[in-house]
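With chain A held as given, fit chain B onto it using these hints.
Chains as they are written, first to last, in this note's numbering: chain A, 1 to 637; chain B, 1 to 268.
Calculated directly from the structure, the hints in this document are not laboratory data.
Among the hints, erroneous ones may be present.
[To be verified] Quick list of simulated restraints, FRET-style, between CB atoms: (1) B/Pro173 to A/Val550: 40 to 46 Å; (2) B/Arg108 to A/Gln265: 51 to 57 Å; (3) A/Asp84 to B/Arg166: 26 to 32 Å.
[Said to hold, decoys possible] With a Cα cut of at most 20 Å, we get these calculated EDC-like pairs of lysine to aspartate or glutamate: (4) B/Lys123 to B/Glu59; (5) A/Lys551 to B/Asp223; (6) B/Lys37 to B/Glu230; (7) A/Lys220 to A/Asp468; (8) B/Lys162 to A/Glu487; (9) B/Lys162 to A/Asp468; (10) A/Lys469 to B/Asp163.
[To be verified] Facing chain A, according to a computed beta carbon distance under 8 Å, are these residues of chain B, among others: (11) Phe9; (12) Trp30; (13) Glu59; (14) Arg72; (15) Phe88; (16) Ser114; (17) Leu180.
Ideal placement from N, C-alpha and C gives every residue a C-beta, glycine not left out.
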Amino acid sequence: MAKAKPDFVIVGSSGGGGTIAWLLAKAGFEVLILELGSDWSKPLKEGNLQYNPITHDEHLYRLARPELKRRPRGDYNTLRAGKDTYAIPVGTGWTASMLGGGSVIWGVWSFRPLPIDHRLGTHFEKTGQAAQLRQEKYSIVDWPVSYAEMAPYYDLAEALLAVCGNRDAIAASVLQSPWYQALKGHPHMQPEDEWRPRFPFPNRPFPITPVGYAVQEGMKNLHWSTAPLPSGMVVPGGGEYSTRNAIGAALDCWKKGDRPPFWQQPVDKIWSARTRDACNMCGFCGEFLCWGKNGPKSGALASTLRELDDLPNACVILNAKAYEVVYDAKTSRATGVRYLDISDPDDPQAKLVEGQSVIVSCGAVQSARLLLMSGPPGGLGNDHGQGQVGRNIMFHLFGLGSTYVLPGPDFQGMLHGELGHTGNTTSFELYFVKEQTQSGERWWKGGNVVSTAKKNPMENAVGKVERDKLVGMPLFQSMEDYNRTLEIRITGDDLPMPENRVDLDPHYVDEHGLPVARITRNFGEAEKRMFRLTRPVLESVWEPYRALPVKTAPKSSDADLNLIGDHQMGTCRMGDDPKTSVVDRHCRVHGIPNLYVVDSSFMPTGLGLNPMVGVVANALRVGTWIVEQAGKDASVG
Amino acid sequence: MAAPTTSAFDQNEVDLLQRIAEELIPLQKWINSKKYKPPGNYPWRNGTPIAPKDLGIIEFIEQLFATTERDRRLLARFDEVSAQPLRFCPIADVEQWRAARALASKPRFGIVESGNLLTAGGKPIVRKTFYEAYLPILIEALAAAQAAPEFTWSAFVDALVKDQLRFWPAAGPRSSAFMLQFAKDALRAMLSMRNPVEPPVQLALLIELGEHRRVGNKYGPQDAEADVAEFVRRLREVGGKFVPESQRFLPTIHPRVGSPPITMQEVV
Numbered sequence: 001m002a003k004a005k006p007d008f009v010i011v012g013s014s015g016g017g018g019t020i021a022w023l024l025a026k027a028g029f030e031v032l033i034l035e036l037g038s039d040w041s042k043p044l045k046e047g048n049l050q051y052n053p054i055t056h057d058e059h060l061y062r063l064a065r066p067e068l069k070r071r072p073r074g075d076y077n078t079l080r081a082g083k084d085t086y087a088i089p090v091g092t093g094w095t096a097s098m099l100g101g102g103s104v105i106w107g108v109w110s111f112r113p114l115p116i117d118h119r120l121g122t123h124f125e126k127t128g129q130a131a132q133l134r135q136e137k138y139s140i141v142d143w144p145v146s147y148a149e150m151a152p153y154y155d156l157a158e159a160l161l162a163v164c165g166n167r168d169a170i171a172a173s174v175l176q177s178p179w180y181q182a183l184k185g186h187p188h189m190q191p192e193d194e195w196r197p198r199f200p201f202p203n204r205p206f207p208i209t210p211v212g213y214a215v216q217e218g219m220k221n222l223h224w225s226t227a228p229l230p231s232g233m234v235v236p237g238g239g240e241y242s243t244r245n246a247i248g249a250a251l252d253c254w255k256k257g258d259r260p261p262f263w264q265q266p267v268d269k270i271w272s273a274r275t276r277d278a279c280n281m282c283g284f285c286g287e288f289l290c291w292g293k294n295g296p297k298s299g300a301l302a303s304t305l306r307e308l309d310d311l312p313n314a315c316v317i318l319n320a321k322a323y324e325v326v327y328d329a330k331t332s333r334a335t336g337v338r339y340l341d342i343s344d345p346d347d348p349q350a351k352l353v354e355g356q357s358v359i360v361s362c363g364a365v366q367s368a369r370l371l372l373m374s375g376p377p378g379g380l381g382n383d384h385g386q387g388q389v390g391r392n393i394m395f396h397l398f399g400l401g402s403t404y405v406l407p408g409p410d411f412q413g414m415l416h417g418e419l420g421h422t423g424n425t426t427s428f429e430l431y432f433v434k435e436q437t438q439s440g441e442r443w444w445k446g447g448n449v450v451s452t453a454k455k456n457p458m459e460n461a462v463g464k465v466e467r468d469k470l471v472g473m474p475l476f477q478s479m480e481d482y483n484r485t486l487e488i489r490i491t492g493d494d495l496p497m498p499e500n501r502v503d504l505d506p507h508y509v510d511e512h513g514l515p516v517a518r519i520t521r522n523f524g525e526a527e528k529r530m531f532r533l534t535r536p537v538l539e540s541v542w543e544p545y546r547a548l549p550v551k552t553a554p555k556s557s558d559a560d561l562n563l564i565g566d567h568q569m570g571t572c573r574m575g576d577d578p579k580t581s582v583v584d585r586h587c588r589v590h591g592i593p594n595l596y597v598v599d600s601s602f603m604p605t606g607l608g609l610n611p612m613v614g615v616v617a618n619a620l621r622v623g624t625w626i627v628e629q630a631g632k633d634a635s636v637g
Numbered sequence: 001m002a003a004p005t006t007s008a009f010d011q012n013e014v015d016l017l018q019r020i021a022e023e024l025i026p027l028q029k030w031i032n033s034k035k036y037k038p039p040g041n042y043p044w045r046n047g048t049p050i051a052p053k054d055l056g057i058i059e060f061i062e063q064l065f066a067t068t069e070r071d072r073r074l075l076a077r078f079d080e081v082s083a084q085p086l087r088f089c090p091i092a093d094v095e096q097w098r099a100a101r102a103l104a105s106k107p108r109f110g111i112v113e114s115g116n117l118l119t120a121g122g123k124p125i126v127r128k129t130f131y132e133a134y135l136p137i138l139i140e141a142l143a144a145a146q147a148a149p150e151f152t153w154s155a156f157v158d159a160l161v162k163d164q165l166r167f168w169p170a171a172g173p174r175s176s177a178f179m180l181q182f183a184k185d186a187l188r189a190m191l192s193m194r195n196p197v198e199p200p201v202q203l204a205l206l207i208e209l210g211e212h213r214r215v216g217n218k219y220g221p222q223d224a225e226a227d228v229a230e231f232v233r234r235l236r237e238v239g240g241k242f243v244p245e246s247q248r249f250l251p252t253i254h255p256r257v258g259s260p261p262i263t264m265q266e267v268v
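Next up, chain A with everything else stripped away, as it sits in the complex (with noise of 0.2 Å):
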């Protein structure tokens, strides 16, 4: 690095940030990355071993305590149901805390938003139901970017991901589901060409497995259209995967004229002809991290952070915990970022470093506490309406799903969930959910359906010691359960409620005394509505297997308002009206024209789907923008 102060310092190398520096340093800005955690990756990338093993640790993945993957090991945040009640700390809450982040250890379900999320807003209003979502307090908006805007990002960001699937199917899942049928004749569900994006996805599907079979076998019997799961992952028997190829590939599909100057370049100048090896489903994905310096599984750290490393004008600071992003009230502007370096946990030394313009992206928890832990006392960019930093925070609503056990002996060893990740078949059958109501029917944003195998046994086996007390005889039984389950999950959607937010917990801190993250959050209406709906519904995919000899009952759960962190969206919402929204639509900071968010913290409303390429995408567009604007000698900040 040439300069005393970087262009760019970008706090978190996840989606959003690892994905931006690449292209700030790619277009010749100075970008220096904080990223609270450690390279786990380091033995991999030391190693001479194509495909190491060294990372399938059950135990250390999983079970160890303290857990370090997540979060740093004197953090935490606190969670409580309402306004009303008392915070308690919880581990709950983070996605990752090591280079790369969260898209190291993601479960790799690669879905594009649908056109329909971003405007679900108009939808409402056009539905008439609008008026009785505010007044169950939810705050339903539209992006403030289009769909159209968007699909080019989102063929890059397929691209960078590797996402291997059939767009053909995908379509057919949505266009022949119900809620698309009913649908449809609304002038916002227009135009129906951008339900069928032209890109096809950059690798074939990922193979079927008896768990994704089971399940689409169950789905076929209820006439839903199903499609192989859409995976970030280098698909298992194709030979190498060219990232330059897809992005060729994406570009391709975007008309030259249409492109941004960075993406007029000639391929070749935008990515290496680095390549990566193909997945061979060993089974260690979610949670755990990729085999091998080319590793299969998508990510940061498999893409824009290793083609970083190529580039002079980049670099990453490790175990560096950023506090406050440093503000100068006069010129209103962040002129950089104070942090912790925790390389010595037990000796940690205060560092600040200064740049140009600063890029925030620590997941949208995180996020929001560093803005609000900076600046004046109420926070950075939190000065607006009633204070909109934190607020809307949403984490998809897990475990909401069915299982269904198949009868023993004989399928035990017969769904083997080693092979591969643990999602397979997918449907977009309830992304939305219908209540017939004596004046007519409703339909109530659900979220996308995914078959998901069982695959950690001793995590299983341990739990049901540490939550159950089994041991003995009843313990093998539990065990042997696990191993024939068959499970379906819905990513349902956590509509936005700016009651649901973080702030600042004001009775407890971290190892280092700052204050943690308090998270509110509870189910309203519409989620109580979609756990009702959604349950028979679900159940009823278990038909054919209760046809069985032995029978068993079909397990429902509702979400668990405490399984919080992997998925997090909201906290600082785009819109063009800062009494609104947090973030422009360049996610630009309203009144700082230097300091972006670009993690998962801009969405205005949060899918019912992974975020990850919606996340990828959107960092591909601001970081396009600001490199336009620099080209055009305007204000990037």
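What follows is chain B alone, placed relative to chain A:
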């Protein structure tokens, strides 16, 4: 298998832990009772009984003890923070900073409640110290229990798990905290594949469960296809009405842009 050589436990303690493990996780009893028989020919199914001790639980727990010093330092540091939560705060004049934000002047450090430490009975523990604290009590309780004519290992362990052993000191720590922690550690050894025992014994529990999780797993699409076909066959055998339709998942033909071009042969 060679007898375990340990340094953390004496032989009396090793014998006791292994005997307790047999009651908590009665491997051979379960194997003998269950209907599922995994494919393959294994010694424990051919007259050579297997017990948790054969899966190296003691050696595995000793590996976990290796982190003891780190945990000990960590808890000492956290005790220090708990006593003075703002002591290490990098913010200048933190009291005023907190007052300006309406934050409490005397905050708490809630790391224990957050669950990010190894705990037993709700309290943070250092694994080695925890075992060292419990084992003498356990040995004493065993001696007292064995003196009773009705003693059985099964009843002894059951009472310990339920905190109902009358020979356990009333003022002592809860026996269930130790029993459950030990059961979890033993399971980690038996399922983690880090236990220092050779296969197939190392994998006995996974094999008998029908679990396929292994260090170094490697599969291809053909394995998935074979497993689906086998699953369909089994469904038909058991249920009679299932028709394989895995062909539904074949993709429509489009260029595979990230890799060498897909061929018709691959698709078909």
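Check each numbered hint against the structure and report the violated ones by number, ascending. The structure conflicts with hints 3, 4, 5, 7, 8, 11, 13, 14, although it agrees with all the remaining ones.
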